[in-house]
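**Q** These are the residues of each chain, in order.
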Amino acid sequence: MIRLKDISKWYSNGSAKAHILRHIDIEINEGEFVSIMGPSGSGKSTLLHLMGMIDDPSEGEYFFEGESVFTLKEKQRSELYKKHIGFVFQAYHLIDELTVYENIETPLLYHKISSAERKAMVADILDRFQIVGKKDLFPEQLSGGQQQLVGIARAVITKPKLILADEPTGNLNSKQGEEIMDLFTRLNKEEGVTIIQVTHSEKNASYGSRTINLLDGKIAL
Amino acid sequence: MLKNYFKTAWRNLLNNKLFSFINIMGLALGMTCSLLIMLWVKDELAMDKFHANDSRLYRVMENQFFSGAISTFPSTPGIFAENVVKDIPEIQMASQFLWEEEPLFTVNDTFDKEKGRYVQKDFLKMFSFKLTKGDVATALARPDAVVLSKKLADKYFKGQDPMGKMIRIDNRENVIVTGVLDEIPKSSSLKFDFLMSFDLWAKQNTWAKDWGNNGPRCYVMLAPNTSLEKVNAKLKGYIKSKNKGSNVEVFLQNYGESYLYSNWEDGKPNGGRIEYVRIFSVVAIVILLIACINFMNLATARSLKRSREIGVRKVVGASKRQLIGQFIGESLLVSFMAMGAALLIVLFILPSFNALTDKQLALNFGDASFWSTIILLTLLTGIISGSYPALFMSSLKPIVVLKGALKINPSAAFFRKALVVFQFSLSIILILGMIVVYRQIDFIHNKNLGFAREDLLFIPLEGELAKNFPTFKQELLKQPGIKNVTSASSSPLEVGSSTQGVTWPGKDTTKLILFSSNPISYDYINTMGIQLVNGRDFSNGYGTDTLNYLVNEAAARKIGYKDPVGKELTMWGDKGTIIGVMKDFHHNSLHVPIEPLILRLVKKDWGYGSFVIIRSEAGKTKQALASMEKMVKQFNPGFPFRYNFTDQEISKTYKTEFTVNKLSRYFAFLAIFISCLGLFGLVTFTAEQRTKEIGVRKVLGASVPGILAMLSKDFLRLVLIAIVIASPLAWWAMHKWLQDFAYRIDIGWSVFVIADFAAIAIAMLTVSFQAVKAARANPVKSLRTE
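Residue numbers (our numbering), protein chains in the order written: chain A, 1 to 221; chain B, 1 to 786.
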């Protein structure tokens with residue numbers, strides 16, 4: 001599903017180059033649950049953003065389902081990513097001005113889904129995540145775990161093949177974290193969604209089927 | 001989707017009440033100002049355009065050639081109309097049209113002086129003034145016809161049918177009512193309470209029948225599909241063909257245009273009211289632009305706060321186009337709310353605006369074109385103010401945004417600063433303009449006119465008064481409060497008549513020189529308070545004074561005598577002597593230079609002139625008025641008592657300038673206020689942004705004034721740049737405006753000092769309001785928020 005070939009990224013700081021990623025080669029198949037681990041500054045998040053097509057490398061190639069992502073035009077790339085990828089963030093990143101219901105509905109608007117269908121889809125996912133009672137609340141009225149639940153609901157509502165999660169439990173206590181990880185496992189097992197998560201915790205990484213360790217921008221073997 | 005956007009926008013507005021208020025208020029004030037000016041401009045442009053024959057109606061203009069200059073007036077010989085219709089077939093109809101006259105109307109016991117016009121028989125066929133009674137084709141046919149306004153019909157014939165009734169005019173002639181006018185449309189610059197036959201007037205004013213004399217206006221209507229050029233070509237030499245040696249040429253100007261294009265220079269059109277239409281249109285656009293800039297500025301400044309939302313939307317699939325749509329939509333929401341507020345404000349202040357501009361403007365809610373204009377204006381404002389923020393925000397990269405490491409893009413910051421500079425430049429230009437207009441008006445108001453305008457009254461010399469003026473004068477002088485009395489052909493405001501009929505030994509006869517002339521009676525110099533440079537005033541003590549002349553300095557220069565007193569001068573064939581030279585005084589408005597003026601005593605068979613001029617004793621105006629009323633009633637029982645104060649009448653001649661003065665003050669105030677709203681918002685935002693920095697600095701020992709200076713410095717620099725940009729532009733614009741006055745102020749450096757200081761002070765006041773708050777905040781608190 002995902003193939004990264006010789007990906008490097010650096011920032012030029014005057015004459016010096018600050019490398020973030022060096023010569024990364026990764027292949028991830030459909031249905032995998034991959035954890036990316038590594039110390040702070042090892043390039044985990046950057047790698048995730050690259051795979052999510054919201055960041056560009058300085059060098060290298062990226063094939064998503066056989067298509068060379070970086071040669072696509074901006075518009076095609078965003079179409080591709082809109083269709084297949086869902087994002088989950090450490091800081092949840094819900095829109096403060098919208099209710100739970102409206103937050104979950106937002107991606108559907110950009111996917112041009114009819115109003116009736118949207119209603120059904122949002123109702124379904126609220127039900128599945130057991131947050132029906134919270135649908136009219138605003139993000140600030142929810143606990144962190146609940147906010148992340150909404151964040152995941154928003155990511156999966158468009159039925160993406162791939163979910164990219166950037167430390168999804170980083171701001172949560174351990175019980176909330178477990179719930180989220182259970183949810184990811186279910187999505188992976190029952191619906192066959194490919195999941196790539198960045199995490200600090202060995203425990204969370206153990207939910208996945210494979211772990212990639214990064215150190216100083218390189219894959220540690 | 002729209003609902004989602006709308007909700008976000010709406011909740012954003014609610015969550016940021018201060019910013020929303022600044023945004024909406026700023027835009028609403030800008031729109032209010034644009035709406036008012038739009039109404040005014042629309043009204044001005046519609047003036048005199050309602051006549052069905054508009055495209056065929058023309059005003060006859062006359063170029064007069066004197067001393068190498070061309071003066072252009074709407075005056076013609078009084079027999080022009082009747083002849084030109086016969087001689088030039090393309091001219092279908094023509095009518096002389098007299099200046100406003102105020103004859104005495106008498107019906108039984110009711111009498112009063114009424115304002116109206118003398119016209120000719122086709123007048124009502126040419127112009128679309130409707131009659132409620134009578135027939136436009138025949139109403140003015142008979143030479144003793146009078147057409148009354150409804151007001152006059154009700155005044156003199158309450159409850160009766162006025163048609164066919166008789167009215168006595170000036171206790172001299174009888175006229176018959178042949179029609180009643182419908183209300184004259186507001187968009188007509190011609191206003192009158194009656195129309196009477198021009199022939200009736202011409203009977204008393206035989207001079208008007210001479211091809212060499214000019215005065216009455218003339219309007220013509222061309223036949224359909226006539227070429228104006230052809231008619232103008234025929235008219236060029238027309239007067240000369242009637243009067244050899246004439247130095248005037250006539251041409252036509254479209255009647256509908258004559259209201260806005262009334263100034264002429266060297267025989268060519270040179271603006272007029274259209275200039276104010278243009279200036280105010282520009283002001284409307286400028287103020288709206290300032291308000292739009294506020295919106296842009298605040299929106300981009302606040303984009304930091306919105307950036308997370310933008311990032312999220314992008315990540316969940318929003319395209320750039322959709323985001324642009326969202327933000328434009330938001331600014332449209334704000335702009336529609338602002339328009340709502342603006343309409344309310346306009347409704348509220350329209351009465352005072354009308355009083356100020358002397359108009360009857362109204363919001364025409366029932367009119368589709370009104371709404372389409374409003375909606376168009378709102379859309380335009382929304383799109384202009386939303387465009388930059390939309391482009392700016394939609395191009396934020398989600399990755400940067402979501403990492404929370406959004407740095408203010410230096411180019412965006414530069415753009416915002418440029419906007420503030422632009423905004424303040426415009427405001428400073430308006431402030432400078434306001435000060436210059438104020439000073440010029442003040443200058444006019446207080447300029448030494450060369451005569452004492454205070455305590456100077458004048459009344460019309462009419463009826464029995466005209467015959468018994470010397471007795472009247474004697475009696476009046478015995479009354480309390482009266483200091484001097486004289487009479488003259490012209491009022492103290494304006495010496496309207498001029499003549500070429502002046503010769504002296506050694507005159508270059510090839511040159512036509514025009515002298516203003518004003519026949520007067522004794523005591524004119526004392527009463528007016530004119531200074532004599534040389535020689536003496538007219539006096540009873542010298543028997544032969546009717547053949548003597550007083551000239552002003554300008555006339556003395558034209559004549560060229562080194563020492564004019566005692567030298568020979570001939571006027572209208574009367575050979576006489578110059579007995580004195582008057583210091584130049586303004587016998588006309590300050591718009592025109594002082595012209596050469598000759599005063600002479602009225603001759604016996606001329607009457608005593610048209611005006612009694614009276615100087616009251618200082619501070620005894622009330623007694624003087626009572627005395628005058630008593631004497632006028634006694635001498636002229638059939639006439640109402642009317643009087644004018646010279647200083648008030650002079651002020652009235654600068655009505656347009658006074659209105660501009662007031663309006664410019666309001667608009668400048670509005671502009672600076674809106675700019676400050678924006679500045680206030682921006683400072684609030686900056687202070688918020690730098691809360692942490694301020695906290696750290698304070699912990700490290702920075703003082704409150706130090707922080708204040710730090711926060712204010714940036715903004716002060718922007719205002720200074722604005723001053724540098726605005727000053728030359730304002731100087732240029734105001735220099736141009738001042739050219740309309742023959743006597744004007746210099747735009748000294750003090751104007752700039754005042755305006756610039758005001759701008760800086762206002763800006764700093766605005767800035768410090770927020771800056772003080774930020775600087776005084778407890779650092780422990782502000783650091784904890786991180």
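Everything labelled a hint here was simulated from the structure, so no lab data went into it.
In this text, all values refer to a predicted model and were calculated from it rather than measured experimentally.
Take the hints with a grain of salt, since some may be wrong.
[What the hints assert, rightly or not] Once the Cα atoms are required to be at most 25 Å apart in a straight line, the calculated DSS-like pairs of lysine-lysine come out as:
| no. | chain 1 | residue 1 | chain 2 | residue 2 |
| --- | --- | --- | --- | --- |
| 1 | B | 655 | A | 161 |
| 2 | A | 83 | B | 3 |
| 3 | B | 478 | B | 320 |
| 4 | A | 112 | B | 7 |
| 5 | B | 191 | B | 478 |
| 6 | A | 17 | B | 397 |
| 7 | B | 133 | B | 86 |
| 8 | A | 119 | B | 620 |
| 9 | B | 186 | B | 655 |
| 10 | A | 135 | B | 3 |
[As the list claims (entries may be wrong)] Beta-carbon label-pair distances, calculated as ranges:
| no. | chain 1 | residue 1 | chain 2 | residue 2 | range |
| --- | --- | --- | --- | --- | --- |
| 11 | B | 18 | A | 175 | 37 to 43 Å |
| 12 | B | 710 | A | 144 | 45 to 51 Å |
| 13 | B | 710 | A | 200 | 53 to 59 Å |
| 14 | B | 340 | A | 124 | 37 to 43 Å |
| 15 | A | 136 | B | 340 | 47 to 53 Å |
Quick reminder that beta carbons are idealized off the backbone N, C-alpha and C, glycines included.
**Q** Between the alpha carbons of residue 112 of chain A and residue 7 of chain B, is the straight-line distance 25 Å or under?
**A** With Cα atoms ~18 Å apart, residue 112 of chain A and residue 7 of chain B stay inside 25 Å; holds.
**Q** Can you let me know if the beta-carbon spacing of residue 18 of chain B and residue 175 of chain A is within 37 to 43 Å?
**A** 40 Å, holds
**Q** Are the Cα positions of residue 478 of chain B and residue 320 of chain B separated by 25 Å at most?
**A** 90 Å, violated
**Q** Taken at face value, is the distance from the CA of residue 397 of chain B to the CA of residue 17 of chain A at most 25 Å?
**A** Holds, at about 22 Å.
**Q** Under the criterion that the straight-line Cα-Cα distance not exceed 25 Å, is the pair residue 191 of chain B, residue 478 of chain B satisfied?
**A** 41 Å, violated
**Q** For the hint 37 to 43 Å, verify it against the beta carbon of residue 340 of chain B and that of residue 124 of chain A.
**A** 41 Å, holds
**Q** Quick one, are residue 83 of chain A and residue 3 of chain B close enough, alpha carbons at most 25 Å?
**A** Distance of about 23 Å is within 25 Å: holds.
**Q** Can the restraint linking residue 133 of chain B and residue 86 of chain B be considered satisfied, given a maximum Cα separation of 25 Å?
**A** Violated, because 30 Å separates the two Cα atoms, which is more than 25 Å.
**Q** Can you confirm whether the C-alpha distance between residue 119 of chain A and residue 620 of chain B stays at or below 25 Å?
**A** Measuring from Cα to Cα gives roughly 87 Å; hence the hint is violated.
**Q** Residue 186 of chain B and residue 655 of chain B: Cα distance at most 25 Å?
**A** Answer holds: residue 186 of chain B to residue 655 of chain B is near 19 Å, not above 25 Å.
**Q** Hinted pair, alpha-carbon criterion (25 Å max): residue 135 of chain A, residue 3 of chain B. Please report holds or violated.
**A** Distance of about 17 Å is within 25 Å: holds.
**Q** Would you say the C-beta atoms of residue 710 of chain B and residue 200 of chain A sit inside 53 to 59 Å of each other?
**A** For residue 710 of chain B and residue 200 of chain A the Cβ distance comes to about 40 Å; the hint is violated.
Consistency note: the structure conflicts with the earlier hints numbered 1, 3, 5, 7, 8, 12, 13 and 15.
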